[in-house]
Each structure stands twice: as C-alpha cells, then as structure tokens.
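> Protein chains in written order, with the numbering used here: chain H, 1 to 370; chain W, 1 to 95.
Worth flagging that the hints you see were computed from the coordinates, not collected in a lab. Ideal Cβ positions, reconstructed from N, Cα and C, are used throughout, including at glycine. None of the hints are false.
One-sided and incomplete, this derived list gives chain W residues near chain H with beta-carbon spacing under 10 Å:
{"no.": "1", "residue": "C51"}
{"no.": "2", "residue": "E53"}
{"no.": "3", "residue": "T54"}
{"no.": "4", "residue": "R58"}
{"no.": "5", "residue": "L61"}
{"no.": "6", "residue": "A91"}
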Amino acid sequence: MADRVLLSIGTRKGVFVAEAAKARRSFALRGPFGTGVPVYSTLVDHRGAARVYASSCSPFFGMKILCSTDLGKSFKETKSAPAFPKEDGRALANIWSLEVGAGKKELWCGVEPASLFRSPDGGDSWEMVPGISNHEHARKWEPGAGGLCMHTIIRDGNRVHLGISTGGHYLSEDGGRTFRASNKGVGAGFAPDPYPEFGQCVHKIARHDDAPGRLYMQNHGGWADWTGPGGPRPNIGVLRSDDYGLTWRSIAAGLPSDFGFPIVVHPHDADTVYVMPLETATRSCPGGAPAVWRSENGGGSWSRLARGFPKKESYFTVQRDAMTIDALKAPALYVGTTTGQLWIGRDGGESFECLFDSLPPIHNVKVTVV
Amino acid sequence: MSAAPVITLHVVGPLRAYCGGAARISIAAGTIRAALLELERNQAALYRNLCDETGAVRRHLNVFVNSDNVRDLEGVDTTLTAGDVLTFLPAVSGG
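Bound-form chain H, shown alone (with noise of 0.2 Å):
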C-alpha cells in the first residue's frame, strides 16, 4: 500500500481521523468517535500494525483510554485506564500525553494532577510511575489555567524529560525511576522570585533525535512589563538547552510576544523551530492575524509565515498539543485552533490552507506516515 498520512484530531467533543495520500491533496475524515467527550492527547503508534490511542476524558464518568486498531475506521476502550491506588488520596481528573515506551507495546502516559503512568501492554494495566508521581515537589506544584497537568513525556534512552504545568521541566538520568527539577535558566512570572527551583509553567518541550542533548521549550512568557517583586522578565517565554535540559537560555528575541503553547522542530533539521507566539492577555493571535513564526538557526532569528491564513480578525488559541509537522521530505505542518479549524501548512509552513473548518475545538493534533 502506498504511504498514507494520518491525522489523529483530539476534540472537545471526541477524537477524529483524517486521512490523505501521501501528496496530502484532499483528507478524508472519520468520526467523531467517543462522541461528545473531550480528548486531549492522541498518539498513532505504529511500532508494529498501527494503533491509534485516544485519551477520553469525560467530566461525568471518567477517564478511558481508546484504542484504534484499523488506522481510526473504529475504535474500543482498553481495558483498562490509568488510576492512583486508592490509598493515595488523589484522584485522575485528565489524560493529557499518550507516548510510546520501551519495546513493542509499552505505553506512557502523562496525567491531571501532574503524575506518571506507564502501561506494559498497550494500555490494558496500567502502574503508576512513583520517582515523579509521589516525588517530593508533587503536592508543592499547583495548577495552572489549564490544570496540573503533565504534558510532555519525551524517552531519550536512559533520560526522560517531563514538562509539568505549573511545575517545571523534570528530569530522569535512570529511565524514569528517579526525577529531578532541572529548570536552571526557565523563569517564571508568577512569583517573587523569578527563577525558582521548580513550579514553572512549562507549555511544552521538544526535541530532534539528531540533536539528542538540545530541547526547545515553550515557557508561560508574556511578563516583560511586570513591576512587581522581583522586576520585570522579558523573554522567558521560549527557551533552548544545550546540555539534555540541565540549564536553559532565551531564544525569544524576535518573536512578536514571547507567549504561546505549542513548539515543533522541523523532522530534518534539528536547527529548524516552529511556534504560534499569541497575546499574553488574551491567548489569542497578535492583532488578530494568524502566523506561525519559524527559526533556521535554533532559535538565532525568527520570520513571519503567514501566507494563507486570514490577515485579519481571527482571535483563536492554538493549544500546546494542536501543532505538530510530519515526516515526509517537504514537511508539512499542522495546525488545530480552538475554533475548530485545522490549518496544513504546505512546504514547512510557507503556504497555509484550511483542510476543516468547522470541527469542535481542537485540543491535540498527531501525524504520522503509515
């Protein structure tokens, strides 16, 4: 069969498939399925026959892991989804990262409030990671806008990197059995001090496997002008490491406002960075015109990609699972609102175009080659 690309689109009201020959002309879309609940992570593995997961997160009934696997034409729960043992006291309240782990069926999965679980088959049994869930800043972190919520879970051999909202980059050297806060360099707003040991707003974190001990983060910025204790703190919104997230440094400068949610790097050039910097007070696009900023030099220069989106009055959010890129030779990026729109954009992100427009609102895109 020729390659085929498929979207996994996570909604506020269900997960949708969309599928495109590899030219990506036209995508046809499934579903919605887990119809009317929140999805907030989705992940297409395809270690193996594919399998597209969806993490179903209702507010009445609770938290279910779905499983996909005929590329979304239908899907069933797992067995079973993560949960804290009843002794611990807390309670799931989302699933916001579904990632593949070690072997063929492995999964991890980042949760609200800010804990670890990893599932040995595929999601049926679930154990809850204890070196970052009962860590000792656990019961310290505390929610931000979104939740307490553990988005990012990036595996680099025996390093496992976390981004916790509000709680900071976490950071594992033994394969996730013991974490330490490594956010030397990450600021923070909301407090006097700015640069504390942890409890940052971390918005997401990436990487390049050809880059192995860069990340690229996009922090809660958008506090240049604070006058308060600890003064003003401009820049701190999107940040780059050098040395496997151990300390961190600015590469916001250029940028239109230093706040957003997501970052993506190119699949073939670890020097190449996407974000969707937005207004700090409302979380929307500057000025009401959309635009994906991009840097070729690792965050050294950044340049406007705008063409295709409206010039004009369009206020939406881009949330910090809903931009991804895929993988093939002239990459193109992905780019979900909260307006239900899901934007390609063509060439890595020269040439805009709408694929949906009227979707749910868009909480998490994936994208892969199968």
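Use these hints to put chain W onto chain H, whose structure you have.
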C-alpha cells in the same frame, strides 16, 4: 439482623455498556454507600464510571433516590427502603 431492602438502580444509557446492557439492576442495600460497595464488588466496570479512585461519587454526577437529590438528604449515607429507585445522572453543565 433483617435483610437489606432491595432497591433498583436505574442505569443511564451511556453506562449500559458497562453492565451487559442492563437498564435496571436490583441491589440489596440499606444506604447509597452500601449500594456503591455492592457495585464495586459485583459491577466493577460500572462502578468506575460512578466513583473515582478515592471512592467518592464523581463530581459532576447528581444522585437521586426516586425524585430527591441526595445532596438535600444525607448524601451517600441516605437510607434506602425497598422499592426505591436510585439514579446517577450527569449534571447539566458544560457546552
């Protein structure tokens, strides 16, 4: 000791998949708390939809005995009598 009264749990549509399609389940229980314990033992999948890991009724569910919301009675310690109908309904919220 007298036998616990038998009450009827009315299962809302979205949850019937978790109890073999049943719309009603008979439970011998003297309180809502006892009914939940019974469900935890014998209808675990259904129970997980009604209660979180701590054993608390999920926050956005309202619990009714016949037509009375138990928040106006004794919560999960509300006494049940034979023939009562117990219903867990999603709160009208969200959009």
